[in-house]
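Q: Work out the full structure: start from the sequences and follow the hints.
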Amino acid sequence: MGMKRSRLGSLDVTSIGLGSAPLGGLFAPVSDADAEATVTRAWSLGVRFFDTAPLYGFGLAERRFGAFLRQQKRDSYVISTKVGRLLRAPDDGVAEDEHYKGTPRERPVFDFSYDGVMRSVEESLSRLGLDRVDVLLVHDPDDHYDDAVAGAFRALQRLRSDGTVEAIGAGMNQAEMPVRFADAVPVDCFLLAGRYTLLDQGALDVLFPLCTAKGIGILLGGIYNSGILANPHAGAKFNYEDADASLVARALELDALCRKHGTELKAAALQFCMVHPAVTVAVMGARNASEVADNIAGAKPRRCPRAAARWSVRHDHRRPPAFLGPGACRVSLDGRARARTDPSHLRP
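So for the sequence shown, our numbering puts the first residue at 1; every next one is plus one.
Hints in this document: simulated from the structure, not taken from any laboratory.
Pairs of lysine-lysine, PhoX-like flavour, derived with a Cα cap of 20 Å: (1) K4 <-> K300; (2) K101 <-> K237; (3) K260 <-> K300.
Pair ranges (Cβ atoms, derived): (4) S44 <-> T164: 25 to 33 Å; (5) S246 <-> D91: 42 to 50 Å; (6) S246 <-> E106: 31 to 39 Å; (7) D294 <-> E241: 21 to 29 Å; (8) A33 <-> V206: 39 to 47 Å.
Here a beta-carbon is modelled for each residue, glycine too, at the ideal position from N, C-alpha and C.
A: The structure is reproduced here in C-alpha cells:
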C-alpha cells in the first residue's frame, strides 16, 4: 500500500515530505554521499514532496535535491522552495555560520522586493537544475510584512497566474503573521514550523480554523521542535537554540509516558501532528537514510498506543491525546521566541 496522498490546490502530494535543512548542514555537516542516500531512501519509501530553500546550507540543500530530482520524471514529484533571501559572496572573509556547517561561501541577504524575488527564483532554478518548481513560499518575513505584501507576494501571484508555479504561500516559525497574510493575499498554503507540536500548539486556536475555512493547506515542519521531541536530553535543541531545563524536563516526562504506553516519543509527536485535518503534509527533515526510514515508520498507526488511537478517531484536536495528560506541555512563545511553559503538570 502506497503512502497516503492529498490535494494541495491542484497538486497531488504525499502526506509526508522530505525537508532539507539537515541536508544543508543544520547544526552539523552532511556529506554528499549521506545526502544522496537520504533522498534516495525517501524516494524508495514513497515520499514525493520535497521542500527546500536558499537558506538551507546557503544553496547546498537545493543543489543536493536537484542532483537527485533531475533524474526523475518531472511530473512524478512536487518540490517547493522559498524566496526572500538572495545568496551573495561577501567581499571579505567568512566566519562559520552559527547554524549551518560545511556550507559554500555565499551568505543570505534579505530581499522581499518584486525584482529580488524574481532573481531568487531564477537562481534557485539554476541551483536545482530544474525548469520549474511547484510551490513558492515567502521565507521568514517576520520583520518585513509590508515588503512581503507589496513586493514578494505580488511577484508570486504573477508567477502563479502565468503558470510558472502552482501554489504560493509563506514559510514561517510563527502562527500570527500567516493569519494576516491569509486575510491580505490569496495564498494556497503555509509552511509552519514548530507551532503545532506536542510542546507548542500556537496554531491551534486561530490559524488552523482559518486555513480550514479558506481551503489553505498546511505544510507542517518542525514537528520535533528542532530535535527535543526526537531525543530529549540536556543540550537538546528547541526552536534552533539550546532548550532550557524546564523544556527538557517536560520532554523527558513525555518520553517516559510514551514508553509506559508502548510507543516512542517520535512516533507520538508525528502522529499527533498528522491526524489534524488542517495538516496537508508533514515535512520531516533527515540527515541520513536511517532517519528517513525511522520517520516514515513512526507515521504508521500501529506504533501508536490504543489511547492515542482512540483520540485520533475522535478527532479531538483541542488537546493532546489522553495518555499524555491534560494540558500536556503547552508552550507559548513571544515575539523573540522565548519559551514560557504552562504551570500545569503532566499526569499519566
